[in-house]
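S.K.: Both chains are sitting in their own frames, so use the hints and assemble them into the complex.
If you read the sequences in order, they're chains A and B. Under the working numbering, think of the first position of the first sequence as 1, with each following residue one higher. Under the working numbering, think of the first position of the second sequence as 1, with each following residue one higher.
Hints may be right or wrong, so weigh each one.
Claimed, not checked - Pairs of lysine to aspartate or glutamate residues, derived as EDC-like cross-links and limited to a Cα-Cα distance of at most 16 Å, are as follows: (1) B:Lys37 to B:Asp102; (2) B:Lys178 to B:Asp44; (3) B:Lys88 to B:Glu67; (4) B:Lys112 to A:Glu60; (5) B:Lys24 to B:Asp134; (6) B:Lys88 to A:Glu60.
Note that these hints are calculated values from the structure, not bench results.
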Amino acid sequence: METRDWSLVIFTILTQAAVGAFVVLQFLDRPASRRGRAAVLAVLSVGLFAALFHLATPLEAFRAVVNFGSSWLSREIVFGSLFAGLLTALVALDGSGRARTPLAWLSAVAAVAFLYCQIQIYMMPAQPSWNSFATPAAFSATALRLGILGVAGGLVLREPSADRLIRGLSYAAIFVLVLELLIVPLHLTSLLGDGSRAATVSANRLIGDYGTVLGLRLVLLCAGALSLGAVLLTKNSRTMRTMTLASLGVVFLSELCGRFLFYAAQMRVGL
Amino acid sequence: MSQVAFFFDVNRCTGCRTCEVACKVENEVEVGPRWRKVNTIEGDQGGPFMHHVSMACNQCETPVCAEACPSGAITKRPDGIVVVDESKCIGARLCAWACPYDAPQFSADTGKMQKCSFCYHRIDAGVGGPACADACPTKALQWGTLDKVAAKDGATIELPVLPDAEITRPAIRFRPMKSRHS
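Bound-form chain B, shown alone (with noise of 0.2 Å):
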């Protein structure tokens, strides 16, 4: 099966965060942890610049979290989605520390951790894809295929703001901020 992504268009996020909502709802996830978080980032490059990025576990083709788990309790389904299996996780939270991305979040309540499961059951089920990608208004934010959203125009994987993409190889594709200083 084709490794499945999610594509971001950063030229199309208004940071409503309908995202965020969706992914709560959707995946019932208790007060406190987060699987998708839409963050605003401002800086200066040739002229001032903000945006938004929304994140949550890029199902990464090398799951640092998935090596340093001591008690095997993250796997990568053939599909590529990056899954916690809660009942083998023992709370050490040293997937927490791996992820650059900070997707996997502890849950205080069930002393497991936790994150973004790309909606796997509503994929599984044929009812749709992920809850957060579904529900973005702007279509800023996608789903599809690593090789078709790889193959749209002007995706890359590295955004400025985060981590070198070779530490994870991320399941992701950004379309970048178009320049309005050329």
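Isolated chain A, as found in the complex (with noise of 0.2 Å):
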């Protein structure tokens, strides 16, 4: 993996979390929280600024939308900007207190459209190992996983009432880090099963030169999973509090070594 290839790492983790949060947010139908929108937009707009370090001249990056024709790149920056866009106008001046106004459903429509083109990117017939259904399946689980979690973690910090609300976040998040444990495996056996020369490396790369990574990702997520089991059974509502955030800590690192791995294993077909 190229070092410049750490920038998406840290673009497509915290927009993707952005995005999840905010549908999740919209979904919970509670009063609209301007600082927990604020809060995704903060997150968003870093996510966006990473990954100018992406392009060799960052100076050039208006010109990234032109293509918008074909180019999902393209299609991905206008989305996400217009995200973005929506998003500040909602902090800036939707003060009505109400989740679902229009600008808020319109924000969320950019926000799933944003993640989709994201996703198309990587649908490479020339790269086995990202044109494959574990893409998508990847990149929406680290959505829902980072976007309930870190609405839990915004209650925790924010919202001393809000224990019944985050427990049933935990079971959300649950679910959704356990399928995680089903991906994996699918997409090696898939990469093992393809016969080709690109997807035998990259699964090569996954299981043996980053195999220490991605065990330590499981790992990561097996405690993410433990720590929110123990905001289910706790009664303490301080341990609950204490767990959610533990969770959305090695949950996060473990995202980072999932993202890690995504572009490490990458091997184009042919010679």
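M.R.: Here's what the structure looks like:
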């Protein structure tokens, strides 16, 4: 993996977290939290900024939208910018206190379109490790995991009376965490069964060269799930809140490992 | 205008890499990027074999590099040659990911992508074809319009070691290695 790809690791994780958190906030049907949306906007902005460093000439980034007609990267930037713009408007203008305003729904649509374009970029026939069910599954799961846990973390920090909601979010987060334990082996199986040299090299990188990172990723995911189990079992509010934040922390680290592997395992078909 | 194309006869290539040298010199390609590469293939299909394959940009009929490029820097000329406008390139390198043939090359000097241009400057000036094909001592590498190249004896779009041709419909045809074991 090239050093510049780290900017994409940061970009994809943070923007997917922002998409997930915004959508989760939208579906919770609670009074709109300007502070929560501002936090999502901050995460999204850092993510979008990180993407600039993937370009050899970041100052010419404005050109990245030119090929909207065929390039998924152009579409990604357009919808990402649209999401950021609408979210900024929501934070700045929408003081209604209601979550489900037309502007908020429009923002949610832009957010999902942004994620969809991000996925499509990697569906390249020349890259077997990307051109698989695992890319949409992994990107969507990252958005859900970090979105749910991000909102839960925000509630821990800002709302003293949200224990019940945090427990509900923990149930959902455990489900999405466990999902990853299915995606990883299925992806490996499909790569090993592909038969092409590129797919085999990718599989060998995942379980051989970077096997330690993959192991660490899975251990961290399990640690996150166990922390959430503690959230559900404990009656102590303080413990519950601490374990929620701990889960967010270890899951974020596991996402870093997972996204590193995504780029590091990439191998082109052919010679 | 007709799509131009390469023709590569596996049986004739000796792996001398004159094509690589001619490309480097003609296009003054900096140290690092290589617009044309000669690969040596070794395998076993009913008996061991070894041969060379000289590859550059295949000026594909469906150039996925151009589709992926966010800044519209890659376009296809009326004669089918796929060209990079470096003034529009922002170095996102999506083209390099998308291309199954490793044709787009990143220049650390300019921060832009570059690749084989089929020496269109030579064709446009009427002084010849791609320098690689013109320099090939064994005529393993040739060029012409796609319809004429495809009509050559034994011409095929697929070689076992290469990616599925349906990904990009490359404008190259091969004469595969004749079996020594039949």
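S.K.: State for each hint whether it applies.
M.R.: Status of each hint after checking the structure:
1. For the given pair, Lys37 (chain B) sits about 10 Å from Asp102 (chain B) by alpha-carbon distance, which is consistent with the 16 Å threshold.
2. Of the pairs offered as hints, the one joining Lys178 (chain B) and Asp44 (chain B) holds, with about 14 Å between alpha carbons and a cut-off of 16 Å not exceeded.
3. Distance check on the hinted pair: Lys88 (chain B) and Glu67 (chain B) sit about 15 Å apart at the alpha-carbon level, within 16 Å; holds.
4. The hinted pair formed by Lys112 (chain B) and Glu60 (chain A) meets the criterion: a straight-line CA distance of about 12 Å does not exceed 16 Å.
5. The hinted pair formed by Lys24 (chain B) and Asp134 (chain B) meets the criterion: a straight-line CA distance of about 14 Å does not exceed 16 Å.
6. For the hint linking Lys88 (chain B) to Glu60 (chain A), the alpha-carbon distance of about 9 Å falls within 16 Å, and the restraint holds.
When held up to the earlier numbered hints, the structure conflicts with none and fits them all.
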